[in-house]
Amino acid sequence: MSAQVNTAHSHISDPGKSKLPLEYQTLQGQMNILGFWIFLGAEIVLFATLFGVFGVLGTRYAGGPQPSDIYMIKEVLIQTVLLLTSSFTCGLAITSMRQGSLKGLIGWMVVTLLLGAGFLVMEINEFAHYVHEGATMQTSAYLSSLFVLLGTHGLHVTLGIGWAILVIIQLLQRGLTPQTATKTFIIGLYWHFLDVIWIFIFTFVYLKGLVVG
Amino acid sequence: MTKKSGFPIGHVLGYLLSLLLTFAAAFVALKMDSLTSHVILWTIGALAVIQAALQLFMFMHVTEGEKHAQLINILYGVFMAAVIVAGTIWVMTSGMHYH
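For the record, the sequence lines run as chains A and B. Just so you know, this note's numbering puts 245 at position 165 of the first sequence, and the rest follows in order with no gaps. Just so you know, this note's numbering puts 543 at position 67 of the second sequence, and the rest follows in order with no gaps.
Please keep in mind that the hints were generated in silico from the structure rather than gathered at the bench. Possibly wrong hints are sitting among the right ones.
As the list claims (entries may be wrong) - One-sided excerpt, in silico: chain B residues whose CB lies under 10 Å from chain A:
# : residue
1 : 487
2 : 504
3 : 546
4 : 557
As the list claims (entries may be wrong) - Under the rule of at most 27 Å between Cα atoms (straight-line distance), these lysine-lysine pairs were calculated in the DSSO-like manner:
# : chain 1 : residue 1 : chain 2 : residue 2
5 : A       : 99        : A       : 154
6 : A       : 99        : B       : 543
7 : B       : 543       : A       : 154
Unchecked claim - Computed Cβ-Cβ distance ranges for the label pairs, DEER-style:
#  : chain 1 : residue 1 : chain 2 : residue 2 : range
8  : B       : 511       : A       : 194       : 33 to 41 Å
9  : B       : 571       : A       : 252       : 58 to 66 Å
10 : A       : 253       : B       : 555       : 38 to 46 Å
11 : B       : 483       : A       : 235       : 31 to 39 Å
12 : B       : 510       : A       : 249       : 53 to 61 Å
13 : B       : 571       : A       : 243       : 38 to 46 Å
14 : A       : 228       : B       : 522       : 23 to 31 Å
15 : A       : 183       : B       : 500       : 17 to 25 Å
16 : B       : 508       : A       : 111       : 16 to 24 Å
17 : A       : 235       : B       : 521       : 21 to 29 Å
18 : A       : 184       : B       : 510       : 30 to 38 Å
Glycine residues also receive a C-beta, built at the ideal position from the N, C-alpha and C atoms.
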């Protein structure tokens with residue numbers, strides 16, 4: 081597929097090229113997207129190491145709080161729905177972009193970020209609640225690995241929000257071009273990826289903790 | 477990938493199925509006391525993998541662009557993840573009967 085768009089500098093005036101979505105119209109765009117998929121492969125492995133650590137240490141309570149003492153499952157379910165919905169609205173943003181609607185794109189991106197911020201606020205409250213209950217990073221191996229896993233995910237969400245804001249600023253300044261479309265598509269991939277990781281945190285940290293712990 | 481207009485049925489379907497799988501997992505884990513924890517863990521683990529695969533195809537469009545390279549790369553990442561998680565737990569807990 082790269083061959084057919086190698087010379088895609090004049091993509092906008094060429095009706096033959098307009099079959100491809102904007103973000104795929106330049107070779108640079110295609111390669112950036114492929115490169116980002118490879119980065120996501122590395123991110124999978126990063127989180128795998130943290131899940132491995134949690135799998136080993138997740139039951140070493142050292143006499144401290146156990147999952148059933150501290151987890152607030154209702155809040156966790158709300159967090160899960162917030163992040164899942166934000167992943168959905170992010171998909172709607174990309175759909176709007178492919179329909180050529182800059183307004184729709186930015187509108188859905190803002191909704192996505194608000195939902196993401198809601199998730200983050202709830203996670204910060206959750207951490208504050210744990211510390212208030214005497215469950216800090218230093219309390220036990222279980223809590224160390226818990227805070228590292230959740231914190232790494234939360235940090236990714238935080239960075240994602242900052243990154244998406246920068247992309248939105250570029251969209252406002254430059255409009256929809258092959259370059260801004262590629263950047264938007266890539267932040268979209270990143271955002272979806274964060275929700276995919278959360279599925280496993282929800283399942284193997286919270287639900288498993290309440291079943292086994 | 478060339479679809480330009482219309483209702484994003486794939487995304488909506490992916491969202492509804494993801495919600496369903498999330499609440500199904502929560503229900504199995506929290507409400508089905510009659511099952512052994514072993515059965516519960518395998519069930520919710522399977523639901524998680526299904527939901528992740530669903531989102532990979534319906535939200536992330538992994539089959540667009542360089543689809544073979546992307547799919548092989550993600551499958552390789554998932555394989556490495558499985559080796560790392562299972563291998564770490566296996567090595568670090570073997571011979572330790574600490575209960």
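Task: Pairwise hint evaluation, residue 154/A against residue 543/B, where the allowed Cα distance is 27 Å at most - done: Distance of about 38 Å is beyond 27 Å: violated.
Task: Given hint residue 543/B paired with residue 99/A - CA-CA distance at most 27 Å - done: holds, 17 Å
Task: Hint check, residue 557/B versus chain A [nearest Cβ-Cβ separation less than 10 Å] - done: holds, 3 Å
Task: Distance restraint between residue 99/A and residue 154/A, which requires alpha-carbon spacing of 27 Å or less - done: violated, 46 Å
Task: Range hint compliance [Cβ, residue 184/A to residue 510/B, 30 to 38 Å] - done: Given about 48 Å between the Cβ atoms, the range is violated.
- [ ] State, for the Cβ atoms of residue 510/B and residue 249/A, whether the hinted interval 53 to 61 Å holds or is violated.
- [x] With Cβ atoms ~54 Å apart, the hint holds.
Open item on the list: Quick check: does the Cβ-Cβ distance between residue 483/B and residue 235/A fall within 31 to 39 Å?
Closed with: For residue 235/A against residue 483/B, whose Cβ atoms are near 36 Å apart, the range 31 to 39 Å holds.
- [ ] With a cut-off of 10 Å on the beta carbons, see whether residue 546/B makes it to chain A.
- [x] holds, 4 Å
- [ ] Can you let me know if the beta-carbon spacing of residue 228/A and residue 522/B is within 23 to 31 Å?
- [x] holds, 26 Å
Open item on the list: Verify the CB-CB distance for residue 235/A and residue 521/B against the hinted window 21 to 29 Å.
Closed with: holds, 25 Å
- [ ] Note whether the CB distance of residue 508/B and residue 111/A lies within 16 to 24 Å or breaks it.
- [x] violated, 48 Å
Task: residue 183/A paired with residue 500/B, Cβ distance criterion 17 to 25 Å - done: Check failed, 36 Å falls outside 17 to 25 Å.
In summary, the numbered hints that this structure violates are 5, 7, 15, 16 and 18.
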